[in-house]
Amino acid sequence: MKAFADLYAALDETTKTNEKIAAMSRYFGSAPAEDVAWAVHFLIGRRPKRLIPTRDLVSWAVEEAEIPEWLFGECYQAVGDLAETIALLLPPASATTDQPLRYWAEERLLPMREWDDAARRESMVEAWRAMSDRQRFAWNKLITGEFRVGVSQNLVVRALAEASGVEANVLAHRLMGDWQPTPDFATRMLAKETGDADVSRPYPFCLAYPLEGEVESLGDVQDWQIEWKWDGIRSQLIRRQWRTFLWSRGEEVITDRFPELAAAGGLLPEGTVLDGEVLPWKDGAPLPFTQMQRRIGRKELGGKILAEVPVVLVAFDLLEHNREDVRERPLEWRRAELERIVAAAGPESHLVASPLVAGVSWDELKSTREQARSRGVEGFMLKRRGSPYRVGRRVGDWWKWKINPYSVDAVLIYAQPGSGRRASLFTDYTFGVWDQGELVPFAKAYSGLTDDEIRQVDAFVRNNTIEKFGPVRRVKPELVFELAFEAIQRSSRHRSGIAVRFPRMARWRTDKKAADADSIETIRALLPPGP
Amino acid sequence: MCRVAVDNVLQLNPNGLYCAAGDFYVDPWNPADRAVITHAHVDHLCAGSKSYLCARPCEVLLRARVGVEGSIESLAYGEARHINGVSVSLHPAGHILGSAQVRIEYQGQVWVVSGDYKLAPDPTCIGFEPVHCHIFVTESTFGLPIFRWPEPGEALAEINGWWRGNQQAGKASVLFAYPLGKAQRVLAGIDNTIGPIYTHGAVEQYNVIYRASGIALPATRYARSVPPKTDWTRALILAPPMGKTSPWLRRFGDFSAGMASGWMRIRGTRRRRSMDRGFVLSDHADWPALLSTTRNSGAERVWVTHGYRAPLARWLSENGLEADAIETRFQGEQDADVAGEAEA
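Residue numbers (my numbering), protein chains in the order written: chain A, 1 to 531; chain B, 1 to 344.
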């Protein structure tokens with residue numbers, strides 16, 4: 001447990017990817033296989049659910065620390081994290097523990113669910129007494145189901161690759177599916193012999209840069225293939241050896257979550273890899289992404305949600321054809337073959353070839369681009385004709401030419417403290433807009449300000465609180481912010497009747513007074529036509 | 001207890017803690033005729049008073065802060081001075097060089113104003129000395145049970161280890177520490193054989209005073225006086241708390257940022273400041289020290305100021321003492337970060 005707690009602290013202490021990988025690689029290289037399996041299990045986010053109700057943990061902790069509950073509350077306010085508060089306020093350890101992570105996971109964590117309250121309590125208190133602050137913190141995080149470390153599966157894979165010499169793609173594949181963190185699994189995971197992973201291996205995604213300057217700088221419009229830019233889940237659909245894999249750009253296999261596309265794979269010729277966006281789709285057009293969010297979070301996909309929010313792969317590139325890597329072939333060739341494959345799969349296949357947009361001039365395209373919002377897309381993708389499919393983000397061949405976000409001036413009306421590194425600062429804000437002389441809540445936003453601005457707003461909140469509701473403060477309506485957002489919809493769940501996507505603070509309008517903020521009518525005018 | 005007598009000895013008025021019988025303030029918030037000063041940190045010291053009384057080792061620091069104008073009188077620790085029939089003496093608080101608790105005795109009643117204090121050993125100042133009193137005015141910067149300090153040696157060993165690790169990684173080590181007190185405590189405690197030590201001007205000015213006061217500190221170099229193209233990768237640089245993107249830091253190239261402060265006990269504070277490493281090293285009393293000091297003072301009544309006043313006062317009240325939270329100079333709420341800026 002000590003080594004694992006140290007690893008957790010080391011990962012927490014740096015924001016640098018290389019240092020995180022180095023810390024994990026050191027751990028994987030020195031820990032026994034049985035601990036490595038559990039560490040990987042926890043690090044990639046397969047944490048257990050909360051095992052003990054918060055109120056029980058708190059009451060055991062305050063008894064152990066011999067403090068009243070109100071004082072726990074004061075401490076929690078200062079720290080902003082349950083697991084950390086408990087770790088910090090317990091008295092110093094009276095014993096030590098040399099037990100490995102496997103022991104804590106298998107003998108103390110997993111059985112917790114079966115035990116009664118007295119046994120749980122005894123186990124927790126005994127653990128706390130034997131652990132350093134650092135160990136307690138990691139342990140409490142596991143117990144509360146809040147173990148998060150800010151490393152992606154991808155980073156864990158890179159560290160494992162570094163420690164073991166096994167190729168990252170092979171490891172990524174081995175971490176898919178329903179494995180148990182046993183020593184046997186760890187041995188198989190780090191085995192040098194390959195072959196198993198190759199069948200599912202995706203290609204590195206080609207990524208586009210946003211177009212910053214004028215579009216005319218790209219030269220002749222005829223040199224470019226124009227597509228709509230879809231707001232979906234970028235994915236590769238792979239069909240090899242009669243098996244289908246859907247990989248997201250986060251290098252996760254997401255085949256199980258999209259049964260439509262698992263079936264679509266069966267309609268592809270052997271040895272095919274398509275690149276595209278997974279989108280919720282009905283009647284030949286995308287559904288709002290909020291619909292997709294209803295699906296993404298679910299473990300079990302019932303018939304109802306599958307019928308209400310079907311998905312398609314809007315395919316825009318072909319990377320492997322007849323078992324051959326075709327990424328070096330020119331764009332037009334790949335496009336033609338892609339169209340043939342999608343057509344052959346048939347109209348019921350849940351595969352769609354991303355339509356091309358015709359334009360004889362940039363000016364014409366600029367006006368066509370205005371349709372983006374009504375079409376539910378983010379703008380255009382511009383791809384240079386004749387170009388190969390490149391690895392990663394390269395300047396020159398692929399550009400995203402997005403429409404500008406919506407923006408609205410709104411007034412800060414409520415604030416509450418953030419969590420984690422923003423605990424004890426007021427960083428989470430609710431903004432209001434005018435409705436018949438009253439400010440109605442319109443959107444919440446948490447991002448977009450610099451640390452300096454956050455401190456200034458925090459000070460404002462502290463000195464201008466009108467009312468407190470638990471952690472939430474109602475503040476004097478004085479500060480005006482320009483909010484930017486990507487999409488706007490009607491919503492019966494919001495008091496303003498409006499829901500927006502990705503709201504964030506674009507600018508602090510220190511030049512504006514609350515009275516200058518926008519009204520709800522102005523914002524309603526942005527809504528797409530509808531009921 | 002006789003209310004009038006209490007008010008006559010010490011009361012809180014809009015300018016801070018005031019002794020009516022002796023007509024003087026302790027750490028006044030605005031210029032006063034006569035100010036008794038616990039120590040030379042800005043949150044306890046306001047320039048412009050007509051006369052100051054402080055502990056002898058504090059005098060030179062006070063002079064640096066208030067300039068040549070003010071009249072400063074200093075006392076040896078334990079030496080009593082009578083002001084209008086009130087007996088005032090200063091006793092080591094162990095916070096920084098020259099820090100003192102103020103003992104005030106009038107008509108048989110004894111008050112002690114702690115100023116800031118710590119119990120842990122510190123080679124740069126005289127250790128805290130318990131003083132019996134009837135009424136104790138205590139600080140509470142870290143007045144919550146989550147604040148419990150490790151041995152100072154632990155934090156210093158961690159700093160040494162971090163410095164060595166950065167050298168191996170080819171990075172400079174920039175350590176942020178409060179420039180008066182904390183920086184010198186770090187200097188006196190770290191392993192100065194690891195590499196060269198450089199300082200920001202704000203730190204160096206106090207190094208000069210500490211050395212002149214007879215405190216042994218390792219050799220340091222003022223970072224600005226160093227020629228361009230210096231190799232910083234083996235160096236430790238001591239600087240006052242500042243943003244990691246401050247232009248002053250650019251000269252050091254790739255560096256690791258650390259901070260030595262009691263606030264580093266909380267992960268959120270360290271992360272919010274984007275510190276690579278936080279070292280828990282404080283010049284204030286932690287929760288156990290606040291409780292034991294209050295108990296050992298023998299006071300039946302406690303005033304709690306500077307910090308987590310309300311929780312500490314409530315805890316003491318629930319544990320059999322008459323305790324009140326009193327106003328501090330800082331308006332608004334307790335905020336870890338604001339107080340952290342001032343001093344920690």
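Worth double-checking, as some hints may not be accurate.
List of simulated lysine-lysine pairs, BS3-like, C-alpha gap at most 27 Å [to be verified]:
1. K513(A) to K476(A)
2. K171(B) to K244(B)
3. K16(A) to K2(A)
4. K244(B) to K16(A)
5. K402(A) to K468(A)
6. K468(A) to K50(B)
7. K402(A) to K366(A)
8. K16(A) to K50(B)
9. K444(A) to K402(A)
What the hints contain is simulated information worked out from the structure, not anything from laboratory work.
For K468(A) and K50(B), compute the direct alpha-carbon distance and say whether it is at most 27 Å. Violated, because 43 Å separates the two Cα atoms, which is more than 27 Å.
Hey, K402(A) versus K366(A), does the alpha-carbon distance stay inside 27 Å? holds, 11 Å
Pair hint K16(A) and K50(B), alpha-carbon separation not exceeding 27 Å: Violated, at about 53 Å.
Between K513(A) and K476(A), does the CA-CA distance stay at or below 27 Å? This hinted pair holds, its Cα atoms lying about 12 Å apart.
Check whether the Cα positions of K402(A) and K468(A) lie no farther apart than 27 Å. violated, 41 Å
Is the straight-line distance between the alpha-carbon of K444(A) and that of K402(A) 27 Å or less? Between K444(A) and K402(A) the Cα gap is close to 24 Å, so the pair holds against 27 Å.
Quick one, are K171(B) and K244(B) close enough, alpha carbons at most 27 Å? Holds, at about 15 Å.
Hint consistency between K244(B) and K16(A) [alpha-carbon to alpha-carbon, up to 27 Å]: holds, 15 Å
Agreement of K16(A) and K2(A) with the hint, judged by alpha carbon distance not exceeding 27 Å: holds, 23 Å
In terms of the numbered hints stated before, the structure departs from hints 5, 6 and 8, listed from lowest to highest.
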